[in-house]
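*Asks:* If you're matching them up, the sequences are chains S and V in order.
All you need for my numbering is the position in the first sequence, starting with 1, plus 5.
All you need for my numbering is the position in the second sequence, starting with 1, plus 11.
For the record, the hints were derived by calculation from the structure and aren't laboratory data.
Please note that a few of the clues may not be correct.
[To be verified] Covered stretches of chain V (chain S as the covering partner; in silico rule of three or more C-beta atoms under 8 Å from a C-beta of chain S): (1) 34–46; (2) 89–96; (3) 111–118; (4) 127–137; (5) 182–194; (6) 241–254.
[Stated by the list, open to error] Anything over 12 Å on all C-beta distances counts as not near chain V; from chain S, calculated: (7) P27; (8) A98; (9) A239; (10) L245.
[What the hints assert, rightly or not] The following label-pair restraints were derived from C-beta to C-beta distances: (11) E20(V) x A26(S): 51 to 61 Å; (12) E222(S) x V224(V): 50 to 60 Å; (13) P107(V) x H49(S): 17 to 27 Å; (14) P107(V) x S199(S): 42 to 52 Å; (15) R173(S) x F156(V): 26 to 36 Å; (16) V221(S) x G53(V): 50 to 60 Å; (17) G99(S) x P217(V): 32 to 42 Å.
Note that beta-carbon positions come from the ideal geometry of N, C-alpha and C, so glycine has one too.
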Amino acid sequence: MTAPAWTAAEMMTIAASRQLAPDDVCFVGIGAPSAACNLARLLHAPDIVLVYESGTIGTRPDVLPLSIGDGELCSTALTTVSVPEMFRYWLQAGRITKGFLGGAQIDRYGNINTTVIGPYDRPRVRLPGGGGAPEIASSCDEVLVTATHAPRTLVDRVEFVTSLGHGRGPGDRRAAGSTTVGPTTLITDLCVMSVDAAREFVVESLHVGVTRREVVEATGWPVRFVSDLVSTPAPTDEELTTLRDLQARTERAHAAR
Amino acid sequence: MADIVPLEEAILRFVHDGDRLALEGFTHLIPFAAGQEIIRQGRRDLTLIRMTPDLIYDQMIGMGCASKLIFSWGGNPGVGSLHRLRDAVEHGWPRPIELEEHSHAAMANAFDAGAAGLPFAAFRGYVGSDLRRVNPNIATVVCPFTGEALAAVPAIRPDTSIIHAQRADRDGNVLLEGIVGVQKQAVLAATHAIVTVEEIVDDLAPPSVNAVVLPTWAIDAVCVVPGGARPSYAFGYYDRDNVAYVAWDAISRDRDRFLSWMDEHVFSAPASDPAATVPHTRELPR
Chain S
6 MTAPAWTAAE MMTIAASRQL APDDVCFVGI GAPSAACNLA RLLHAPDIVL
56 VYESGTIGTR PDVLPLSIGD GELCSTALTT VSVPEMFRYW LQAGRITKGF
106 LGGAQIDRYG NINTTVIGPY DRPRVRLPGG GGAPEIASSC DEVLVTATHA
156 PRTLVDRVEF VTSLGHGRGP GDRRAAGSTT VGPTTLITDL CVMSVDAARE
206 FVVESLHVGV TRREVVEATG WPVRFVSDLV STPAPTDEEL TTLRDLQART
256 ERAHAAR
Chain V
12 MADIVPLEEA ILRFVHDGDR LALEGFTHLI PFAAGQEIIR QGRRDLTLIR
62 MTPDLIYDQM IGMGCASKLI FSWGGNPGVG SLHRLRDAVE HGWPRPIELE
112 EHSHAAMANA FDAGAAGLPF AAFRGYVGSD LRRVNPNIAT VVCPFTGEAL
162 AAVPAIRPDT SIIHAQRADR DGNVLLEGIV GVQKQAVLAA THAIVTVEEI
212 VDDLAPPSVN AVVLPTWAID AVCVVPGGAR PSYAFGYYDR DNVAYVAWDA
262 ISRDRDRFLS WMDEHVFSAP ASDPAATVPH TRELPR
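All chains should be modelled from the sequences, with the hints used to inform the complete structure.
*Replies:* Below is the structure:
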């Protein structure tokens, strides 16, 4: 078998973009989520409303921003509101259908750690912190998560719950005071996982050329597979061309600045 | 009425050792020149407040200005870690720093409560988060009308807040536009406020749809500092210098390289020429 004509990272971004619907209002995390959300907008979801925590609503950037507050986001937005308004009126009040997050550590129940590795008072690694994520995770109708698949990233239990997923299983989210669905889907460079009845991520589709064994070895818990496991549809020419054009424009723009 | 004064004078008058200080600007309009003037004046034991510490607090923390940081996201946006902040937290260099860590929603609500003169903010947040466990300033209040449990945090009330804006008029009224972040709230929450601006104009001009206008009597000092937000950006004046943000990663990783960079770009540079303090910048047409 010949190697696929795309990279694992491209497959991840494309698979993530497919999770977004044309009528979504999406709160976009920076990095991989931002690429996936803008790819969806350029492909099957031209009217999707992309919202960034810097206050931009309905933004349509021509190139991917490096930060959540690049000028490109503001100049292409329908409107830009203050940060308190963004978090109070738009996120807290329940106007966002999907939140899209990444994270340094994600566990089997979709809890996310972006705070510390090691004890909080004497961390081995001090991570950037929660930012918008704790409330994105609780206030959006549904949460999508994307991360590169590795045992140190997809762990059995996060050392610190910065942003709540499903706690330790069924009922924990509601007991903590949440009324929203929480994480439903985890998109990695190897597979797509969905949350099952035990509130745990299970593999529902493998990307082209990826084996079960690779996924097992790259996952920090005894990962399970759905019985009707399928193969993630390969990227279409349109998906690949659109993504590569977007990334080429982005590289040129950032190199020039 | 705000006094229109040089930056050095404004910092001398309104920033003192031990103060609670907020330099705000959410990715956009970050008051770098003011932060670097505080470093030059050698202020110590500051409680630094800022949602996203960014490179300017990395520099202030690395130079030993701060004993405490109140924040919600401490990274180099799109690049990675703030290495001076990490070195202070992980190794106590150049001095240990106390953290009071929040989420963006909490900080935004706390600034808003400060601006409104309220003692605390209530909001729907920190659901199931371990941040509650490590930050005693996160509490719960129950709504007296519905019984809903809400998160509560103290209002942020800085001694002095500093922001950068596009322009002021000759009376010291200030206009900022583009991504306006939490700057209005930061100014109104503080006892004193300093605003650095790109330029002074005769007329603020008809405000754009997103403009925030702060009246002169709500501000203590306005300082003309063109380029004072570099390497962040001033919408309509110059772009964010993403190359400088990427370059900071290597500069800030190593203590000696950081110190020599500060020597060359902050201590040897006149305060009146902040554009000279930042490498890789490029003037853009208005």
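*Asks:* Each of the hints needs a verdict: does it hold here or not?
*Replies:* These are the hints, each one checked on the structure:
1. Residue count for the stretch 34–46 of chain V with a Cβ under 8 Å from a Cβ of chain S: 3. That meets the three needed, and the coverage hint holds.
2. By the rule of at least three residues with a Cβ nearer than 8 Å to a Cβ of chain S, the coverage given for the stretch 89–96 of chain V holds, with 5 such residues.
3. Counting residues of the stretch 111–118 of chain V whose beta carbon lies closer than 8 Å to any beta carbon of chain S gives 5, which meets the minimum of three for the stated coverage.
4. Under the rule that three or more residues need a Cβ within less than 8 Å of chain S, the assignment of the stretch 127–137 of chain V holds, with 4 such residues.
5. Requiring three or more residues with a Cβ within less than 8 Å of a Cβ of chain S, the coverage given for the stretch 182–194 of chain V holds, as 5 such residues are present.
6. Check result for the stretch 241–254 of chain V against chain S: holds, 7 residues qualifying (beta carbon to beta carbon below 8 Å, three or more required).
7. With 12 Å as the threshold on Cβ separation, the claim that P27(S) sits away from chain V holds: the shortest Cβ distance comes to roughly 27 Å.
8. The Cβ of A98(S) does not lie farther than 12 Å from every Cβ of chain V; its closest approach is about 9 Å, which violates its non-interface assignment.
9. Under the 12 Å C-beta cut-off, the non-interface status given to A239(S) relative to chain V holds; the minimum distance is some 30 Å.
10. Non-interface call for L245(S) relative to chain V: holds, since the shortest CB-CB distance, roughly 24 Å, exceeds 12 Å.
11. Taken as a hint, the range 51 to 61 Å holds for the pair E20(V) and A26(S), whose Cβ atoms sit roughly 56 Å apart.
12. E222(S) and V224(V) have their C-beta atoms about 58 Å apart, which keeps the hinted 50 to 60 Å range intact.
13. At roughly 51 Å, the beta-carbon separation of P107(V) and H49(S) lies outside the given 17 to 27 Å, and the hint is violated.
14. For P107(V) and S199(S), the Cβ-Cβ distance of about 44 Å falls inside the hinted range of 42 to 52 Å, so the restraint holds.
15. With their beta carbons about 33 Å apart, R173(S) and F156(V) fall inside the hinted range of 26 to 36 Å.
16. A C-beta distance of roughly 57 Å is found between V221(S) and G53(V), which places it inside the suggested range of 50 to 60 Å.
17. Look at G99(S) against P217(V): about 35 Å separates their beta carbons, and that is inside 32 to 42 Å.
The structure does not agree with the numbered hints 8, 13 stated previously, though it agrees with the rest.
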